[in-house]
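Student: Sequence:
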Amino acid sequence: MIIYIPGDSAAVSVGADEVAAAIAQLAPTARIVRNGSRGALWLETLVEIQTPYGRVAYGPVTAKDVASLFEADFLNGGIHPLALGKTDQIKWLATQDRVTFARVGVIDPLSLDDYMAHGGLIGLRKALKLSPDAIINEVTESGLRGRGGAGFPAGIKWRTVLQSYGSQKYICCNADEGDSGTFADRMLIEGDPFTLIEGMTIAGIAVGATQGIVYLRSEYPYAIATLQKAIDIARESDWLGNRVLGSTHAFDISIRVGAGSYVCGEETAMLESIEGKRGVVRAKPPLPAVEGLFGQPTVINNVLTLSTVPMILSEGAEEYKARGVGRSLGTQVFQLAG
1 MIIYIPGDSA
11 AVSVGADEVA
21 AAIAQLAPTA
31 RIVRNGSRGA
41 LWLETLVEIQ
51 TPYGRVAYGP
61 VTAKDVASLF
71 EADFLNGGIH
81 PLALGKTDQI
91 KWLATQDRVT
101 FARVGVIDPL
111 SLDDYMAHGG
121 LIGLRKALKL
131 SPDAIINEVT
141 ESGLRGRGGA
151 GFPAGIKWRT
161 VLQSYGSQKY
171 ICCNADEGDS
181 GTFADRMLIE
191 GDPFTLIEGM
201 TIAGIAVGAT
211 QGIVYLRSEY
221 PYAIATLQKA
231 IDIARESDWL
241 GNRVLGSTHA
251 FDISIRVGAG
261 SYVCGEETAM
271 LESIEGKRGV
281 VRAKPPLPAV
291 EGLFGQPTVI
301 NNVLTLSTVP
311 MILSEGAEEY
321 KARGVGRSLG
331 TQVFQLAG
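Take the sequence shown: its letter number 318 is residue 318 in the numbering used here, and every next letter is one higher.
These are calculated hints, taken from the structure and not from any lab test. All C-beta atoms, glycine included, are put in the ideal place defined by N, C-alpha and C. It is possible that some hints are incorrect.
What follows is a set of in silico ranges between Cβ atoms, one per label pair, in the way DEER data are often shown [said to hold, decoys possible]:
1) 132 to 92: 36 to 44 angstroms
2) 122 to 64: 38 to 46 angstroms
3) 111 to 53: 16 to 24 angstroms
4) 92 to 263: 33 to 41 angstroms
5) 96 to 64: 27 to 35 angstroms
6) 262 to 30: 40 to 48 angstroms
7) 294 to 62: 28 to 36 angstroms
8) 62 to 232: 30 to 38 angstroms
9) 276 to 91: 15 to 23 angstroms
10) 18 to 237: 16 to 24 angstroms
11) 98 to 132: 44 to 52 angstroms
12) 64 to 92: 23 to 31 angstroms
13) 27 to 276: 21 to 29 angstroms
Here are the simulated DSS-like pairs of lysine-lysine, each with C-alpha atoms no more than 30 angstroms apart in a straight line [to be verified]:
14) 277 to 126
15) 91 to 321
16) 229 to 129
17) 321 to 277
18) 277 to 229
19) 277 to 129
Could you put the whole structure together from the sequences, leaning on the hints where they help?
Tutor: Structure representation (structure tokens):
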């Protein structure tokens, strides 16, 4: 028996840890997976039961509801006022076409086996067989643009870094999600951290960078802890390090935690902060792609941009851009509140 209870910050804030503890006490032989959130925050804590017919959901569950759930035999599909039916048939979820968030809420965020069972590492393995030009061509052809707000084509930025001279090149992920009401970056890092690691690794191979840095805001302690554990697992599995998946490519990732300055969400102020300086916006030019971190060519993309790259490599540019319209190709994640 597998029971899914989110370990996402939003779910934890409304009692998910207490729900998990209460269920574990009454079902000691069940396997409890602390997955990411499905994003339906009004249903948190959303408890899902794995059945032969798919997952069945109950929510919003509090610790006080657990006893009545067991009395209703919810582990075997019993009727309860909090029953929502099959998870994938919940009205809000049923009509969504998730790409970047396809695994969020579905897998165990820190299980590499679970990640690979749901399509993980296919994109990276394909990238390892391609030339840097071919990887960048695929990203360019997909129409992927920056998901941080500016919408600059990712492929153009990557090619600029590839063609720029530097003794050391960097991949910097801007995870300083500071705009009011935004939480997609946090959700993805807490719910599917390996996809970000995979996207950054592909970017590194494409432009010749061997070091990646994720700049995370200090207000996200769960995201920081989850991502660090995922990085450690990737290193232990010979994914990150001197020989990426046994190849001749080297790539590793570290985390830098911001000090809470809103302006450090701007890319050049972020670079200043990573370098240990006061977070002040730099004058442009030079652009970071030419002279970025420590004066070296640097790719700067946000979490959603980099996390979309594995799907583009695994399924192809045509498959990704078929979902978009006009110049807005692919998909975008929206966070709704109100």
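Student: With reference to the structure, classify each hint as holding or not holding.
Tutor: Okay, the hints, checked on the actual structure:
Distance hint check for residue 132 and residue 92: the Cβ-Cβ separation is about 41 angstroms, which falls inside the suggested range of 36 to 44 angstroms. A beta carbon spacing of about 43 angstroms between residue 122 and residue 64 agrees with the range 38 to 46 angstroms that was offered as a hint. A C-beta distance of roughly 23 angstroms is found between residue 111 and residue 53, which places it inside the suggested range of 16 to 24 angstroms. Distance hint for residue 92 and residue 263: a CB-CB separation of about 35 angstroms, consistent with the stated range 33 to 41 angstroms.
Roughly 31 angstroms separates the CB atoms of residue 96 and residue 64, a value that falls within the hinted 27 to 35 angstroms. At about 43 angstroms, the CB distance of residue 262 to residue 30 agrees with the hint of 40 to 48 angstroms. For residue 294 and residue 62, the hinted distance range of 28 to 36 angstroms is not satisfied, since their beta carbons lie about 49 angstroms from each other. Checked against the hint of 30 to 38 angstroms, the pair residue 62 and residue 232 passes, with Cβ atoms roughly 33 angstroms apart.
For residue 276 and residue 91, the Cβ-Cβ distance of about 49 angstroms falls outside the hinted range of 15 to 23 angstroms, so the restraint is violated. A C-beta distance of roughly 33 angstroms is found between residue 18 and residue 237, which places it outside the suggested range of 16 to 24 angstroms. Taken as a hint, the range 44 to 52 angstroms is violated for the pair residue 98 and residue 132, whose Cβ atoms sit roughly 29 angstroms apart. In this structure the supplied range 23 to 31 angstroms holds for residue 64 paired with residue 92, their Cβ-Cβ distance being about 25 angstroms.
Judged by the Cβ atoms, the range 21 to 29 angstroms given for residue 27 and residue 276 is violated: they are separated by roughly 49 angstroms. Taking the CA atoms of residue 277 and residue 126, the gap is near 38 angstroms; set against the 30 angstroms cutoff, the hint is violated. Distance hint between residue 91 and residue 321 is fulfilled; the C-alpha atoms sit about 26 angstroms from each other, no more than 30 angstroms. The suggested pairing of residue 229 with residue 129 holds, with an alpha-carbon distance near 28 angstroms, which does not exceed 30 angstroms.
Pair hint residue 321 plus residue 277 does not hold up; C-alpha atoms about 40 angstroms apart against a cutoff of 30 angstroms. Distance hint between residue 277 and residue 229 is fulfilled; the C-alpha atoms sit about 27 angstroms from each other, no more than 30 angstroms. Annotation: proposed proximity of residue 277 to residue 129 is violated, straight-line Cα distance about 39 angstroms (limit 30 angstroms).
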